[in-house]
Each structure stands twice: as structure tokens, then as C-alpha cells.
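Heads up: the protein sequence lines correspond to chains D and H, in order.
The opening position of the first sequence corresponds to residue 1 in this note's numbering, with each subsequent residue numbered one higher.
The opening position of the second sequence corresponds to residue 1 in this note's numbering, with each subsequent residue numbered one higher.
It is worth saying that the hints were derived from the structure and are not from the lab.
From a predicted model like this one, the values you see are computed outputs, not experimental measurements.
Honestly, I wouldn't trust all of these hints.
[Unchecked claim] Simulated coverage check for chain H against chain D, where a stretch passes if three residues somewhere in it have a Cβ under 8 Å from a Cβ of chain D: (1) 22-29; (2) 83-89.
[To be verified] Short, incomplete list of chain D residues facing chain H, as computed with Cβ under 8 Å: (3) T65; (4) F75; (5) D106.
[Said to hold, decoys possible] Straight-line alpha carbon distances no greater than 27 Å define the calculated DSSO-like cross-link-like pairs of lysine-lysine that follow: (6) H:K43 / D:K79; (7) D:K17 / D:K79; (8) D:K17 / H:K43.
Backbone N, C-alpha and C define an ideal beta-carbon position, used for all residues, glycine too.
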Amino acid sequence: MDGVGRGITPSVTAVLKIAREHVDAMIAHAREDHPDEACGVIVGPEGSDVPTRLIRMTNAERSPTFFRFEPQEQFALYKEMSTTGEEIVVVYHSHTATEAYPSRTDISLASEPQAHYLIVSTAESDVSGGSVSVRSFRIVDSAVTEEEIDVTE
Amino acid sequence: MSVEVRIPTILRTFTGGEKAVRGDGATLQEVLDDIDGRNPGLKDRIVESEALRRFVNVYVNDEDVRFTGGLNAPTSDGDVVVVLPAVAGG
């Protein structure tokens, strides 16, 4: 059986279309929290695959090697999205000492099959500047597929 | 049947795509046992070694059950259980 299952229709695309302001906001968040991992979401209308609203989440672990959305914040987000008809379109987090590729932990804990998993690496930079890399993946049933990022102005 | 259990996307493979299922029970444990009978395998994705899995958050009427008894958290008619896998990684 495939990882998506019957009755569920995620929008599978090979490209993540995302606004420049959202990319910039994720990079800024990653820089601010460096060397701890930053995390958050971009939500959008259910089924649209369009990320419209970025929400920073607190990394409850406050760790350079791990992240977990603060549970009460995640639940509040869940309730809000139930009301607004939104869903998580992008889950983002940073890697602060390694490349922007899903770690084994990222893969084993990936629980949003409809989402684009975006990783910002600040391994080559610090809070004041330096280069960052940004890559996007689908993670379904432990299978990682990288996708292009199409940044819209 | 009295308690509504909201199922996250990733576990809807166990419910034929249904976003919510209903079950009976006076505790979360009993409700999960009840719905597992009709959705085999679902409970194993929520419970491990007689406890909630570390990366699964469960709420009964907006209360995180980790603070209200875990699997022994009481449930009754009309309650809403939300199962929410933690968004986490490394």
C-alpha cells in the first residue's frame, strides 16, 4: 500500500512555489535562533498546496540538534486551522551544524504527508550573516524526495 | 457510540480516510481499544508498551492527557479526543 492511503488526496507536486517574503522570513528565523534549531509552518487553504501564512513555532527542545513544536502551540494551531479551513503546507526547521537534508530523525518522525519539508542550513553562517542553504523535500512513508523551490516575487 | 476521536492525516490509512471515528469507553484506553476493533492497527500507532507514544499528543476536550492521567484519562459522552502527532525532528 502506498504511504498516502485511500481517501486521502494530498497535492503532490515536484515543485514548491513559495513567496520570497516567506523564504526570507524562514532564513531570518533560522539566523536568530542559531545555534539552536528554529521551526515553524506556513499554512494555506486546505487542499490548495499554496503556502500563505507563516507562523513561527517555539522549539520546545531549544536544542542545536533537535526540534519539537511546543505542544500547546501546536494544538492551538490545529484548532485555529480547523476553524479557518487551513492546513500545514510547509513545515520548516533549521539545521545549524549540518547540511539542509533530512536527518534520520526528521524522516522517522515526519507526520505530515501533505506537507513540504523545508530545511534551512545555517551551518556555514551565524547570527550576523554568512551563507545559508534552503532545500525542500517530501517525506512520505520514510521516502525522501527532493523538490525544486520556485520562489515568487 | 459516544466519544469522537479525530484522526490525523497520517493515520487515516487505518480509518479508510475518515477524519474522525467514534468509540465507547470511560477512559482513553477503553476508547482506543474500542476503535481499534474496527480500525485494526490504529492503536499501535498511538500507544506503545502500555503508554502513549512519546511523539503523539492526545487531547480530551482540549486538555493534554499527559496532565490528566494519560491512557487513564476519563472520557464520557460527547467528549472529543484529538490525536496530534508531534511535529518534530532533528
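Legend entry - Hints that the structure is at odds with (numbers, increasing): 1 and 8
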